[in-house]
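Asker: One letter stands for each residue in the lines below.
Protein chains: 2
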Amino acid sequence: MSRPRITIVGTGLIGTSVGLGLAARTDRNYEIVGVDREQRHLRDAKKAGAIDRIAGSLEEAFDSAGLVIIAVPVQAARHILQEGGRYFADGAVVTDTCSTKSDILRWAAEHLPDHVQFVGGHPMAGKEKSGPGAAAGDLFRGATWAITPSPRADESAVSTVLGMVESLGANPLYIDPAEHDTYVAAVSHLPILVSVGLFRMIRDSRGWEDASLLAGPGFRDVTRLASGEPTMSRDIMATNRDAVLHWLDRFQEELSLIRHAIVEGGDAVGDLFKSTALDRDTFILNPPQRRMPDGPAAPSAQDQIGQLLGGGAYWKLKEMSDRLGKTDDDGSERRRQMAARDD
Amino acid sequence: MSRPRITIVGTGLIGTSVGLGLAARTDRNYEIVGVDREQRHLRDAKKAGAIDRIAGSLEEAFDSAGLVIIAVPVQAARHILQEGGRYFADGAVVTDTCSTKSDILRWAAEHLPDHVQFVGGHPMAGKEKSGPGAAAGDLFRGATWAITPSPRADESAVSTVLGMVESLGANPLYIDPAEHDTYVAAVSHLPILVSVGLFRMIRDSRGWEDASLLAGPGFRDVTRLASGEPTMSRDIMATNRDAVLHWLDRFQEELSLIRHAIVEGGDAVGDLFKSTALDRDTFILNPPQRRMPDGPAAPSAQDQIGQLLGGGAYWKLKEMSDRLGKTDDDGSERRRQMAARDD
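In the order they appear, the protein sequences are chains F and H.
The first sequence lines up with residues 1 to 343 when you count with the numbering used here.
The second sequence lines up with residues 1 to 343 when you count with the numbering used here.
Read the hints as simulated data drawn from the structure, not as lab findings.
The hints are all genuine.
Any copy, or any two copies together, can satisfy a pair, since identical chains are not distinguished.
The list that follows gives simulated cross-link-like pairs (lysine to aspartate or glutamate, EDC-like), each with its CA atoms no further than 20 Å apart:
(1) Lys46 to Glu60
(2) Lys274 to Glu264
(3) Lys129 to Asp281
(4) Lys274 to Glu229
(5) Lys274 to Glu38
Nothing here was measured: the structure is a model prediction, and the numbers come from that model.
Modelling step: build the complete structure from the supplied sequences, incorporating the hints.
Answerer: Next up, the structure:
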């Protein structure tokens, strides 16, 4: 009997980091297979030990794979689901790491056969540099990992993805795909536009040559996202357009309010800086508490897929499930908060 | 004969870091005195070894001080110059670390007696946290340190400040105060507003509680400057208002252009992300070259003030001066570039 198989599609920063994290488990009983259009990335990922074997095609990559992790820009993921749908093994669990979730869940429903289980995912992690060279097995440690199961996904499929997420040291967060897209438009996608716009505007100004000499760590931080993977950013704007534009408009209004306060002078500007610094320090020092997922969590003992991540992960999942069974939280608080959306 | 004395006014992040850097010199022949309204900061700075002695008043702090470093928000610096003017020792060199330079040079001309030499300064360094607890002796290593001598300052005064800057591992950059203020408005002050506006807007939205769970390292980086010292930021906006508003308007126009591209769809958005990532990566990998200062640099051997930073620093300055004597650069290139300003 061959070892269980995990396949990673896309060996950039995220895919390679997932591979490194999963490969590092000393108790692992699975093989990690990689597939990518970029042969150089594949070779680098293999050299780094993130994958055990390179597959030459989606058909070869998906053959007998119990868990498939799609780690490519979201519009390329659509192509993978379309092309790869027929190659997935019976009972395969498919997840992804894409930046937006509504479209990919729709595509999964369209293209995946009934015998394949889709559980969407999105790790809130990243780095200034992209590509497998920047990957790290601990990239996701402490990060939130959004989980958006397809309505059709069963408990054991969700457990498998949860096991992977926890195995990488991340904190799983169940969330509705539309809610996810609205919120990440604010905290992740708008910041990309802000970074890009700021860098572009100053870079294109005639003073750049001298101004750049004075650019310190603050400028570097605020414009960091402008170095992000361009295809990923493009796909984000294409698949989350309305939410991004909504937040962009609100941001422009906020800037206009600040402009007004600066022109008026007086205490308003100082008060704004003071209250914002206080609120941000609070956010950094006491990050919002991650609620335990309130969905299904435990694989049954005989579930082979649920054991893909090894016995340790299985017992961890079992234990987590027991804890969940004891909590009073039925998710109503979360749903109440979500209902209080911005209009 | 008592040891030469260096006085630091303000023992926050910057003042304490300067003290730590200067105190670390094993060959130092000077005493470092600190003064601050915040007694807690003073005690922390002394405990950290950034200052040798605490002065109870400006009069006591400035008594016999050959070099005075004013490291407070710019509007507080005005007060120091007003109040302290009469206490400075004959021939004292006064410098500062404030974020804007035009106003402070005007105030120095107004309030300092003829026997005091003012050489403005501004290190392009910072940190998320403020206060002496965040200070580090190597904070300025590799950073640009803008230098704006008053027209009245003589060569030896400039040399003293240059010696301090190089002694802290920073790269001095001579620049006209008005040019400085225009450029830092773009690369430093506008980014503060962008960070503050972004954090404030999202923090005040009703979705914050859930959105904050999804906020990753990108959000943290882009909003880092929102945690900056509020008084410093307020004073920046008050003393560099027109330049900041100019760049803020340009930034808003840039955002509107990006919005238009997203609405239109097509290749424009992807092309924008691609070219911006390329330009930023180039900027990060090959930072613009720091030209050697083209102003005066060498103290005469018998100049006591020039020797404040110890024999080592003196010989370093001498050597630098010899190097400068050999270069062909008469500063015309820098002036040409500066003339190509944005209107």
